[in-house]
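Asks: Each chain is listed here by its residues.
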Amino acid sequence: MAEPPPTAPDSRRKTLTRRAKQKRFGSNRAEAPGSSPGLLIADPDAVPTVINIVAYSPAEILERQNVSPDDIVKLRDQYPCLWVDVHGLRDVKLIEQLGTLFALHPLALEDVVSSRQRAKVEEYPHNLFMVARMINSSGTLETEQLSIFIGKGYVVTFQATPGDCLDQIRARLRKDHTRIRNSGADYLAYALLDAVVDAYFPALDAISTKFEELEDAVVHRPDNEFVSELHHMKHDLLTFRREIWPHRDMISVLIRQESGLISDQTDLFLRDCYDHVVQLVEMVETYREIASGLLDLYLSSLSNRMNEIMKVLTIIATIFIPLGFIASLYGMNFDRSISPWNMPELGWRYGYPFALGLMTAIGLGLVYYFWRKGWIGRGPRKR
Amino acid sequence: MAEPPPTAPDSRRKTLTRRAKQKRFGSNRAEAPGSSPGLLIADPDAVPTVINIVAYSPAEILERQNVSPDDIVKLRDQYPCLWVDVHGLRDVKLIEQLGTLFALHPLALEDVVSSRQRAKVEEYPHNLFMVARMINSSGTLETEQLSIFIGKGYVVTFQATPGDCLDQIRARLRKDHTRIRNSGADYLAYALLDAVVDAYFPALDAISTKFEELEDAVVHRPDNEFVSELHHMKHDLLTFRREIWPHRDMISVLIRQESGLISDQTDLFLRDCYDHVVQLVEMVETYREIASGLLDLYLSSLSNRMNEIMKVLTIIATIFIPLGFIASLYGMNFDRSISPWNMPELGWRYGYPFALGLMTAIGLGLVYYFWRKGWIGRGPRKR
Amino acid sequence: MAEPPPTAPDSRRKTLTRRAKQKRFGSNRAEAPGSSPGLLIADPDAVPTVINIVAYSPAEILERQNVSPDDIVKLRDQYPCLWVDVHGLRDVKLIEQLGTLFALHPLALEDVVSSRQRAKVEEYPHNLFMVARMINSSGTLETEQLSIFIGKGYVVTFQATPGDCLDQIRARLRKDHTRIRNSGADYLAYALLDAVVDAYFPALDAISTKFEELEDAVVHRPDNEFVSELHHMKHDLLTFRREIWPHRDMISVLIRQESGLISDQTDLFLRDCYDHVVQLVEMVETYREIASGLLDLYLSSLSNRMNEIMKVLTIIATIFIPLGFIASLYGMNFDRSISPWNMPELGWRYGYPFALGLMTAIGLGLVYYFWRKGWIGRGPRKR
Amino acid sequence: MAEPPPTAPDSRRKTLTRRAKQKRFGSNRAEAPGSSPGLLIADPDAVPTVINIVAYSPAEILERQNVSPDDIVKLRDQYPCLWVDVHGLRDVKLIEQLGTLFALHPLALEDVVSSRQRAKVEEYPHNLFMVARMINSSGTLETEQLSIFIGKGYVVTFQATPGDCLDQIRARLRKDHTRIRNSGADYLAYALLDAVVDAYFPALDAISTKFEELEDAVVHRPDNEFVSELHHMKHDLLTFRREIWPHRDMISVLIRQESGLISDQTDLFLRDCYDHVVQLVEMVETYREIASGLLDLYLSSLSNRMNEIMKVLTIIATIFIPLGFIASLYGMNFDRSISPWNMPELGWRYGYPFALGLMTAIGLGLVYYFWRKGWIGRGPRKR
Amino acid sequence: MAEPPPTAPDSRRKTLTRRAKQKRFGSNRAEAPGSSPGLLIADPDAVPTVINIVAYSPAEILERQNVSPDDIVKLRDQYPCLWVDVHGLRDVKLIEQLGTLFALHPLALEDVVSSRQRAKVEEYPHNLFMVARMINSSGTLETEQLSIFIGKGYVVTFQATPGDCLDQIRARLRKDHTRIRNSGADYLAYALLDAVVDAYFPALDAISTKFEELEDAVVHRPDNEFVSELHHMKHDLLTFRREIWPHRDMISVLIRQESGLISDQTDLFLRDCYDHVVQLVEMVETYREIASGLLDLYLSSLSNRMNEIMKVLTIIATIFIPLGFIASLYGMNFDRSISPWNMPELGWRYGYPFALGLMTAIGLGLVYYFWRKGWIGRGPRKR
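Chains as they are written, first to last, in my numbering: chain A, -4 to 378; chain B, -4 to 378; chain C, -4 to 378; chain D, -4 to 378; chain E, -4 to 378.
With the rest of the complex left out, here is chain A:
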């Protein structure tokens, strides 16, 4: 569960979400509308292309960094299983050479390079083309496209930047006579997919932690920032769902497809992976419902506070306004010397105590009235 470092987390979060937003919002299409399909146009910011390969049999393994397509041709027939692991999408030429080598369809390669596809699987004559979306390991919700081609004896993967969540797979490949080494290319593809799916769980756990904080916050600090944060959370969940959801269909199609490239044995494992995706989707839906519940909680807590504020105002104002009126009344300057009708109270012996008593009576009366209504203390109804 990789959290951003504690220094200035808020400002950093803003920068990240701003960048993430630009990826998420907008369509980010490099190509102009109406341009020819199957044409590979590299993103100007793309990283240079590096091809690594892992060739293995149950007993042997060969890892090579930064190979050329010619090297691959040689290695291809020596090992039963070959993983061509491509990082960086700048060298369109190189990618096209790989395409010719493994009979990758131009439309699929266009999807590889454009890099903004939803998770999907497509069946081409010589191979299966899958797109999965890897979550960024840095704790943000940005995802990166992992394009996977499965053919007879080879898996070709493409990703835009070097870092990923597949190192565990690379490590597992290095151990001899394990299941991954004994199985074919289809199992390797499954293992990659499974690693991609599993990497979502820590990110969801981080969201879960955030939600617990929000649940506490709504009780102790129901300010406007809360809603803004909740809004961002809902936004994140929306993105999350949009990224994960297509994996469900994708794996389901993969299980049912009949190209012969995926063995029944691997289907069983894919079913397991499918269960994980369903679990992810379910968790996201649950969080979405919790989020809308939190908003209700917040709004009603806001209404409650407003009620409380108004009650205090009403009680104070309602008690003192009549008292103030009486005080003002006896502050009038009617000329008592002219007639006995003018403010005789002022000349009473106990005039002042009488006025104070009147005020006390009215004040207590109102207090009693508010107590009966339940605005002061617990009210009589609770007894």
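No lab work stands behind these hints, which were simulated from the structure alone.
A few of these clues could be false.
Each pair may be met inside one copy or between any two copies, as identical chains are not told apart.
As the list claims (entries may be wrong) - DMTMM-like cross-link-like pairs, simulated, lysine to aspartate or glutamate; straight-line CA separation at most 20 Å:
#, residue 1, residue 2
1, Lys368, Asp211
2, Lys368, Glu253
3, Lys170, Glu55
4, Lys368, Asp291
5, Lys115, Asp270
6, Lys368, Glu220
7, Lys69, Glu208
8, Lys170, Glu58
Starting from the structure of chain A, add chains B, C, D and E where the hints point.
Replies: Quick look at chains B, C, D and E alone, frame taken from chain A:
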């Protein structure tokens, strides 16, 4: 309907839901992303594994606690039907031995041990693997995984902790020549499933009781705690639904599957069990709608109270503010000795009664106005 | 449209809904979780079982009250069509005898006795088993289970209490050579089902009348009771929908089933009955949408009233607070004898008229300001 | 777009919707629950039955008003296509004679007479039975049932009252050698259906106009009447949807049915008609979303006005309450002659200017404070 | 991303949306209800019809403007692929001639001319008829109908006005031996469709930018205009969705249809186009959810401001009202000379300091009380 004991129920509830939340939220995955599937890793908090067996024919029954896999091999052929009832998931070795003995698939065993699966059914070459979620008998909504394998002549079940809702089944097994003793392993599996499903009803009944209390509370005590409680109820219902819902698909798949392991006779019973799940799902949906209705009721009751408070404030303030103004007016100190234009009222014979009368008239006028608007008493419109 | 009698309707309603609620909420399961299925356990409050029969051919009819199973055996072969009409579910033995007589499946009989099933149809080897829910004729929304078995030449029905909505059918049976007498058991079953469905219409009409009252009330009496009543209406509609909805599937399954027990002729009539159920469902959905519209209407009417109240308060307070300030100002006691700077206005010849004029000017200015804002009168914008 | 005449539109609208509501709400079932199906019971208010016929071939046409069933028998064989156009449903006998003549099924005739069916299509041995709902041409949303039977060489239609939206069809029939005259009964039925569907468009256009008015009103006149009107609009849209929606299924079933009564050629036209219904449904859904958007707009505008009102109150009260306090302070009557501690300010040379200055300072300070908060003017944040 | 010019954007927007609304709302049907189908009636405002053609083979291309139907007949057999590109729908005769030439069905031609169809595809004996909706390039959300007929060796397109988003396609056609020139009519149709779909992305990007502005605005300028703008945005998204959504079904039907007019190769490209539409739909749905989230954010921010306003009012009023009361109290004129009971405080040596002290104590007490409640400063709970 097992309620928690009455002592300090609130604090206890909090502790429980906190723990429950940690289970519910978060993904609780012991394995790291990208690790090899089919690898059994025991939860460090797991309870030691104990294997009990019940072997029976219509006329005979043998119950043995804490047996070893070797014991099972011997018993297996002596009775037509064998229930291997495993509690505790710590001894991964033992579980793997059982797996070899009954040809349980490694992926299924991984699901058994990971213990956080949704209800599902999977068909493997030699047996059917079902996951059900048993509700905790302690009145909380925590569920525990019950993993069931059905094969020819045996049922193997796994659960993480000893206590469960299956004692009734164990008791029924002890009676000779009953239907459960006359039927095969498939009927036993159905009986277990049915007991799991039926155990949800008391929990839902407890929720129902809670809802009736809330319905009363919204009328007599519409405070903020109400919303918080409602929020927890909705959360619980969400969990509930998430737990129950997959059972529906699971049983439906079970009825339609064609492995030959489940007889047509048992299908009839499973249909009955399916009806119970549908009933549960329907009840949960009804409660969810009631919950959102309660929130509306609460919010509008809050608005009403606010209206009432504002009305009191407005009436008092609006009546006394003009009166106070008049009193202040005649409290001004304009020098009557300088000119007859300065506050002649103060020198009137009936100046004071005139001022009092003016105030009374204005006060009564405003009272009449508010009565006409229906703010005081029932208003004229109701007549 | 049977309304409860006018005396003390409210208290009665409460009692009824309380009882109804206990039926609706909670699961009301007599059996303990995990108990053996197919076991008949009578509800301790059940009414004693009475078996009536109607045996008929197009030309002849025989009605007998309170017969024994043995009587039925004799009558069975004499008439082409037999209706065994059972009231009261206490004598489980008797019901089991009937079960043996007509080959009724134990699981179906369990559903008959448990009496809390949703509407459904199940196909058994020798007969069809249908559950319908009859609305109570007393104007409340409680429903009673009508269990119907259709076999070759017979219909067996079970209901918990004697009163029902089927008397019309009994009357129609008594007329010779009518369609119901000319047709077989399947038509009789259809006629029963149709009577059950049609009995919902008066109950919905009562709800419709209630809604028109509420629509008037929201305009003339928008108090808190309104929301509470609306809440109950929504609750009732929820129950209603839950009861009716399964009938739709049930009849649809009935039309498509292929047991040979239902003739094509009767299928046409069932289609008609299906249309009625769809109409009921549609009406309920419409009322539910109207209900949520009414809540919006109420809440916005509440907000409007609040606005009105606040406007009155604001106008009065805002006008009189500055005036009161001026009055207080000239009520200060600064010593004019010490310096000419101290409150010279008090010594002006027209000081008092000046003060009054100032107040009038400010007052009128504020009135004009509020009129411009549209708070007093219709405002300038409307001109 | 037939609007009601401008005189007293409001009162008239109320009367109309009241009548319409009585049709819409309530089930309007003439028959008692449980009565025999297929029995024709005329509505006591029904209009006397009149049978008109139009018999035509591509080159010839014969129109006859008020014919008897015997006349029809004669005409039937002389023309390839016959339209029996029945208005008024009082003479049940006459309708039954027609039923016998054209082999119309009793259940279908019952639907014809009951006159409250949803749009649907049913296949009977000798003909197809369709129910469509014609919108009233008077601008209200009341609909009337048009029952259409299609058989070999004839179309029989029933409607409750004479006026309808089919005159255009009657006019088109009078032109020789047009498509409608060249085609068979199925095309005539399509043409009738199409006319019924198209007649909904002007009614929806009227609603659209009304919505634009409401959109303006919410800005300039956000009073309670607005919500009430919106509520009625939503109610109307609900009715609308309920009436139109079933036509979609109906035409879809009609296109796929295989009775041989509808030619492939006509299917193409029905597909076109289907598109129109889909367009209608879509427009209704759009208006429903707009309606709920308008309510949000209204409520937030209400909240804004409340905020504005409160702001004015707060500003005035908050500024003048402290000033008033100071004025009251110096209006106290402490006896300055007794000690120099008692209100020395009153004896200062510049006491009064000092007090005025203090008040001005406080007043300006508060104004500045409110300006900074953005409550007065545009606030500093906007600069 | 064509934005309107910066001069007076608001007024312009209003004019545009007003015009757009008239297109969107209302049904805009030229024909009267009940008129004959397949009859071409030109819109009186329609642009004169111009026919351009592009005839091409992989190596050759011929472009001709403003040709007559006779010219087309000649060209048709000389080139393997012909694009008849028709602008303007006024000359119904000309369109009918084209219809005869290419066997276009009259119903399809009616849809072409009526110009208000949803996206759809229909299979006719000799060709496929597709309707797509092109977004207006001027930045508004108005769409224009593009009708496409695909037959063996030809594509015929119709659009109401000359400007469109297809110039890119025309440019691509001019290059020899490109894929578009090597492929047949089906690929050309795909290319047109793809250009239409891709043109939606810039429009959605503009909406996305607008949403980011709104998200900022809700924090810094939460006025009523915000809601009104949000309402318009939601309206636009509604229109958007209604326009885009049917393209999804359309392309899906196109992929699965089996007329033989679309090659498997082109199906692969259509699948790609389908992905784009799904992406568009998903983006629209995301924006719709964001829009409703923004409304929540706005409303709660409004509530918060109200709370803040009320808090200021309450604090000031609640502090000064009691103080003012005390001041008024000692401003009463009870006659101290008559008895020692009358206002003895006025005669105290430290009467005035005592009164000031009392006021200070009460004021501070209330400030402390409000601080404890968290209304002033951050409150004690946060410490």
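Asks: If a hint holds in the structure, say so; if it doesn't, say that too.
Replies: Verification of the supplied hints:
In this assembly of identical chains, the alpha carbons of Lys368 and Asp211 lie at most 20 Å apart only when taken from different copies (18 Å versus 31 Å within one copy). Within a single copy, Lys368 and Glu253 get their C-alpha atoms no closer than 74 Å, and across copies no closer than 67 Å, so neither meets the 20 Å cut-off. Taking the closest pair of Cα atoms, Lys170 and Glu55 come within 20 Å of each other only inside a single copy of the chain (10 Å); across copies the shortest separation is 51 Å, beyond that limit. For the identical chains of this complex, Lys368 and Asp291 are neighbours neither inside a copy (27 Å) nor across copies (23 Å), given an alpha-carbon limit of 20 Å.
Proximity of Lys115 to Asp270 under the C-alpha cut-off of 20 Å is found in both arrangements, the shortest distances being 17 Å within a copy and 9 Å between copies. When the C-alpha separation of Lys368 and Glu220 is checked against a cutoff of 20 Å, the pair qualifies only between copies, where the shortest distance is 18 Å, while the shortest distance within a copy is 34 Å. In this assembly of identical chains, Lys69 and Glu208 lie within 20 Å of each other by CA distance neither inside one copy nor across copies; the values are 56 Å within and 56 Å between. Only within a single protomer do Lys170 and Glu58 lie at most 20 Å apart by alpha-carbon distance; the minimum there is 13 Å, versus 45 Å between protomers.
When held up to the earlier numbered hints, the structure conflicts with 2, 4 and 7 and fits the remainder.
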